[in-house]
Each structure stands twice: as structure tokens, then as C-alpha cells.
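Model the full assembly from the supplied sequences, consistent with the hints where possible.
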Amino acid sequence: MKEDRLDDVLGDSHAQELADVERRLSALEPTAVNLDTTAILRKATLPAERSAATQATSPSWLSLGASWTCGALAGALVTFVVLSRSIGPAEQQSAPSASTVRNETPAVDAVVVDHVAEPTQPLWSRSELLVSTQLRQLNDRPSFEQTQLRAGSYANLTTRPYFDPPAAPVDSADGLRWEPAADGRSPSINAPTPSSRLDCDRLLQELLGDVPNTVL
Amino acid sequence: MTHLDERRLQELIDAHGAALTLYARQWCRAPEDAVQEALVDLLRTDPHPNDPVAWLYTTTRRRATNVARAESRRAKHHRQASQETRGWFVPNDDHLDDLVDVESALAELPPLERQIVVARIWGRLSFSQIAELVEQSSSSVHRRYKRTLAELRSVLNRQLSEAER
Numbered sequence: 040m041k042e043d044r045l046d047d048v049l050g051d052s053h054a055q056e057l058a059d060v061e062r063r064l065s066a067l068e069p070t071a072v073n074l075d076t077t078a079i080l081r082k083a084t085l086p087a088e089r090s091a092a093t094q095a096t097s098p099s100w101l102s103l104g105a106s107w108t109c110g111a112l113a114g115a116l117v118t119f120v121v122l123s124r125s126i127g128p129a130e131q132q133s134a135p136s137a138s139t140v141r142n143e144t145p146a147v148d149a150v151v152v153d154h155v156a157e158p159t160q161p162l163w164s165r166s167e168l169l170v171s172t173q174l175r176q177l178n179d180r181p182s183f184e185q186t187q188l189r190a191g192s193y194a195n196l197t198t199r200p201y202f203d204p205p206a207a208p209v210d211s212a213d214g215l216r217w218e219p220a221a222d223g224r225s226p227s228i229n230a231p232t233p234s235s236r237l238d239c240d241r242l243l244q245e246l247l248g249d250v251p252n253t254v255l
Numbered sequence: 286m287t288h289l290d291e292r293r294l295q296e297l298i299d300a301h302g303a304a305l306t307l308y309a310r311q312w313c314r315a316p317e318d319a320v321q322e323a324l325v326d327l328l329r330t331d332p333h334p335n336d337p338v339a340w341l342y343t344t345t346r347r348r349a350t351n352v353a354r355a356e357s358r359r360a361k362h363h364r365q366a367s368q369e370t371r372g373w374f375v376p377n378d379d380h381l382d383d384l385v386d387v388e389s390a391l392a393e394l395p396p397l398e399r400q401i402v403v404a405r406i407w408g409r410l411s412f413s414q415i416a417e418l419v420e421q422s423s424s425s426v427h428r429r430y431k432r433t434l435a436e437l438r439s440v441l442n443r444q445l446s447e448a449e450r
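Heads up: the sequence lines are chains W and X, in that order.
For the record, in the first sequence the residue sitting at position 17 is 56 according to our numbering, with numbers rising by one throughout.
For the record, in the second sequence the residue sitting at position 53 is 338 according to our numbering, with numbers rising by one throughout.
Please note that the accuracy of each hint is not assured.
Unchecked claim - To give a feel for the contact side, a few chain W residues facing chain X, derived at Cβ under 8 Å:
1) E56
2) L57
3) S65
4) L67
5) E68
6) T70
7) A71
8) L74
9) T76
10) T77
11) I79
12) L80
13) K82
Just so you know, these hints were derived from the structure itself, not from any lab.
Built from N, CA and C at the ideal position, the CB exists for glycine as well.
Spelled out as C-alpha cells, the structure:
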């Protein structure tokens with residue numbers, strides 16, 4: 040319908056000329072093509088053969104992947120065994136000398152430290168040893184309350200044993216030595232016997248040299 | 286499994302092979318390769334196209350552009366193909382003078398107009414099929430076809446008048 044309308048618009052003469060040109064062109068026959076139908080059909084069926092070949096080769100890919108996985112697992116197992124064997128003897132082997140262990144392992148393990156020989160140089164000086172000994176003795180000394188309880192009277196807590204300075208001056212460490220008791224459970228003090236009991240006024244008077252009334 | 290047997294394929298080639306080759310010749314110098322690839326694609330296509338002839342023209346154009354691209358990449362093959370290029374039309378004693386004229390006139394046409402004329406005159410496709418092929422409306426295709434025929438007529442008449450002189 041559109042063609043007819045267009046032909047009407049163009050006009051009869053013009054349409055005649057175009058129809059003539061169309062006839063001239065149609066009279067020309069394009070060059071024939073020689074195509075091999077067998078080759079075309081074979082080429083068209085090639086993808087099916089290729090897919091079949093892919094299916095045939097798929098087991099080989101599967102076996103290749105399986106072998107690769109097995110190889111990776113075997114390698115991991117061998118690595119684990121080798122590492123475990125290299126670590127085991129190192130832990131069981133005793134160090135030949137302290138210097139060797141120190142050179143090999145900067146961060147010395149506690150287990151390895153037990154096997155290290157004592158160093159030739161003393162770790163502590165004499166003064167440090169003396170201080171540590173005194174501190175240890177102080178820690179072993181019973182507390183004041185324990186001493187008073189062992190003495191047996193709470194009333195004596197208000198007054199402390201007074202060591203008379205002129206009678207028994209404490210001028211050395213031997214004068215105040217703690218020794219274990221006879222039963223071996225509680226220590227007893229080996230000190231001079233207090234000469235008399237002192238009250239607070241006298242203690243203050245002796246300590247300050249002044250009359251307590253003036254202070255208080 | 287293909288949709289066509291060898292006999293049906295041969296009939297298709299006999300009926301449309303030449304026009305398809307002429308159509309593919311617009312893009313490449315080895316149009317037979319493009320047509321053969323298009324036929325292979327037709328056999329492989331699943332499902333089978335409803336309009337195999339129109340489908341063949343579309344696929345031939347795509348294949349021809351691919352062949353032309355390959356030819357441009359391979360200069361040696363390009364030169365060889367240009368040497369083996371045959372005429373576009375079969376020599377005929379009645380229209381011997383028109384052969385070169387039409388070939389040159391078609392070669393001078395713009396690509397879209399040339400596609401429309403070849404598909405209409407030698408491919409015998411309807412305007413709706415051509416419109417689908419060139420992705421234009423049917424009215425636009427028809428207008429272009431009439432205009433191109435007018436241009437061809439003027440060119441052929443000019444060449445004819447020059448020959449008569």
C-alpha cells in the first residue's frame with residue numbers, strides 16, 4: 040500500500056523510469072558462488088564433535104587435578120614431618136655450654152636455662168648478698184603481735200620491754216638475734232632481760248630529756 | 286544435528302547464494318567466505334530462524350565485516366584476494382555494456398543505499414525484511430530505495446550518453 044501511494048506521488052513517468060532501471064538491474068545476474076555443501080555440513084557439525092572431544096578429555100583434566108591435589112597434600116605432609124623432626128631433637132638435646140645456648144637462642148627458654156651451667160662470674164656482689172640475707176632474716180622474724188601473744192598477756196601490750204641503755208646497749212647485730220624456739224615452731228628472742236618496766240612518763244623523759252609535764 | 290540436509294542446503298545456495306555473495310562483496314574481497322560462514326551459522330543456529338533468508342543476509346553482513354577486518358589485518362591476504370576478485374555479475378551478451386557501469390555505479394553508492402538496492406533487486410527481500418536488516422523503518426527504506434534508483438538511472442543514462450558520443 041505504501042509503495043502504491045509513493046508511486047502515485049512520484050508520478051507515472053518517473054515511476055516508469057524507475058521501473059525500467061529496476062528491470063535493467065534485475066536482468067544482471069550476480070556471479071554464482073561455488074560452495075561445498077559437504078564442507079559446510081561438516082563444519083557445522085564440528086562443534087558437536089568438539090564437545091564430544093571435550094567430554095572425552097574431561098577425565099584427563101580430572102585426573103590431572105586429582106594428582107595435583109595429592110601432590111600438594113603429600114608435600115604438606117612431608118614438610119610437617121621434617122619440621123617436627125627438626126624441632127624435637129632441639130628440645131631434647133642438652134646444650135653443650137651456656138655460651139652456645141646464648142648464641143643460638145637469644146630468648147632463652149626456661150627449660151634451657153635449667154641446663155645452663157653456672158656462670159663463672161658471680162651474679163650478685165657481696166653487698167647485695169648481705170642485704171638479701173638481712174632482708175630474708177627480717178622476713179623470718181615474728182611480728183610484734185605474735186610475740187606479745189606468745190608472752191601471754193594483753194596487758195603487756197601497753198608497755199614494751201625496755202632495754203636499759205646503760206645496762207645493755209645494742210651495739211651490734213649479735214645483741215638482737217632471733218633463734219628458733221626449743222620446740223622448733225616459734226622463734227624466741229635472745230636479748231637482755233629488761234631491768235624494769237617503764238611507764239610513759241619516764242620513757243618520754245628519757246627520750247626527750249625533758250619533764251613530760253612541760254611537753255604535754 | 287543440523288536443521289537442513291545437504292539437498293535443502295544446496296537449494297538454498299542456488300536460490301540465494303549469488304545474491305548473498307553480491308551483498309557480502311560490499312564489505313570484503315572474499316565474499317564467498319562470508320557466505321559460507323553464514324551458512325554454517327545457519328546450520329548451527331538453534332532454534333531455526335523463522336525467516337532463514339533474511340537471517341542469512343544479516344549474518345552474511347556480520348561475517349563480511351569480520352572477513353574485511355581480517356583482510357585489513359593481513360595485507361598479504363588482502364593483496365591476494367584483490368587479485369582474485371571476480372566480476373560482480375555474470376557476463377551476458379545482452380547486457381555486456383551494463384556490467385561495468387552497474388558495478389561502478391553501485392560502488393559509488395553510500396553503503397546503506399547500496400545494501401537496500403542489492404537486497405531488494407537481487408536478494409528479492411521485501412521492504413519490511415530490508416527494514417529489519419538495516420534497522421530502519423519500512424517507509425525510510427522505501428524512500429531511500431526510490432531515491433537510489435533515481436540516482437542510478439541518472440548515472441546509467443549519463444554513461445550511456447557518453448558512450449553514444
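Hints, verified against the model:
Contact between E56 of chain W and chain X, as hinted, is supported at the beta carbon level, the nearest pair being about 6 Å apart and thus within 8 Å. A least Cβ separation of about 5 Å between L57 of chain W and chain X falls short of the 8 Å threshold, and the interface hint therefore holds. Satisfaction of the interface hint for S65 of chain W is found here, the shortest Cβ-Cβ separation to chain X being roughly 5 Å, below the 8 Å cut-off. The interface hint given for L67 of chain W holds, since its Cβ lies 4 Å from the closest Cβ of chain X, which is under the 8 Å cut-off.
Evaluation of the E68 of chain W hint against chain X yields a held restraint, the C-beta minimum of about 4 Å falling below 8 Å. Look at T70 of chain W: its Cβ gets to within about 6 Å of chain X, closer than 8 Å, so that hint holds up. Hint status for A71 of chain W: holds, given a least beta-carbon distance of 5 Å to chain X, under 8 Å. Because the beta carbon of L74 of chain W sits about 5 Å from the nearest beta carbon in chain X, less than 8 Å, this interface hint is met.
Taking 8 Å as the C-beta contact cut-off toward chain X, the hint placing T76 of chain W at the interface holds, the least distance being around 5 Å. For T77 of chain W, the shortest C-beta to C-beta distance to chain X is roughly 7 Å, which falls under 8 Å, so the interface hint holds. A least Cβ separation of about 5 Å between I79 of chain W and chain X falls short of the 8 Å threshold, and the interface hint therefore holds. The interface hint given for L80 of chain W holds, since its Cβ lies 6 Å from the closest Cβ of chain X, which is under the 8 Å cut-off.
Hint status for K82 of chain W: holds, given a least beta-carbon distance of 5 Å to chain X, under 8 Å.
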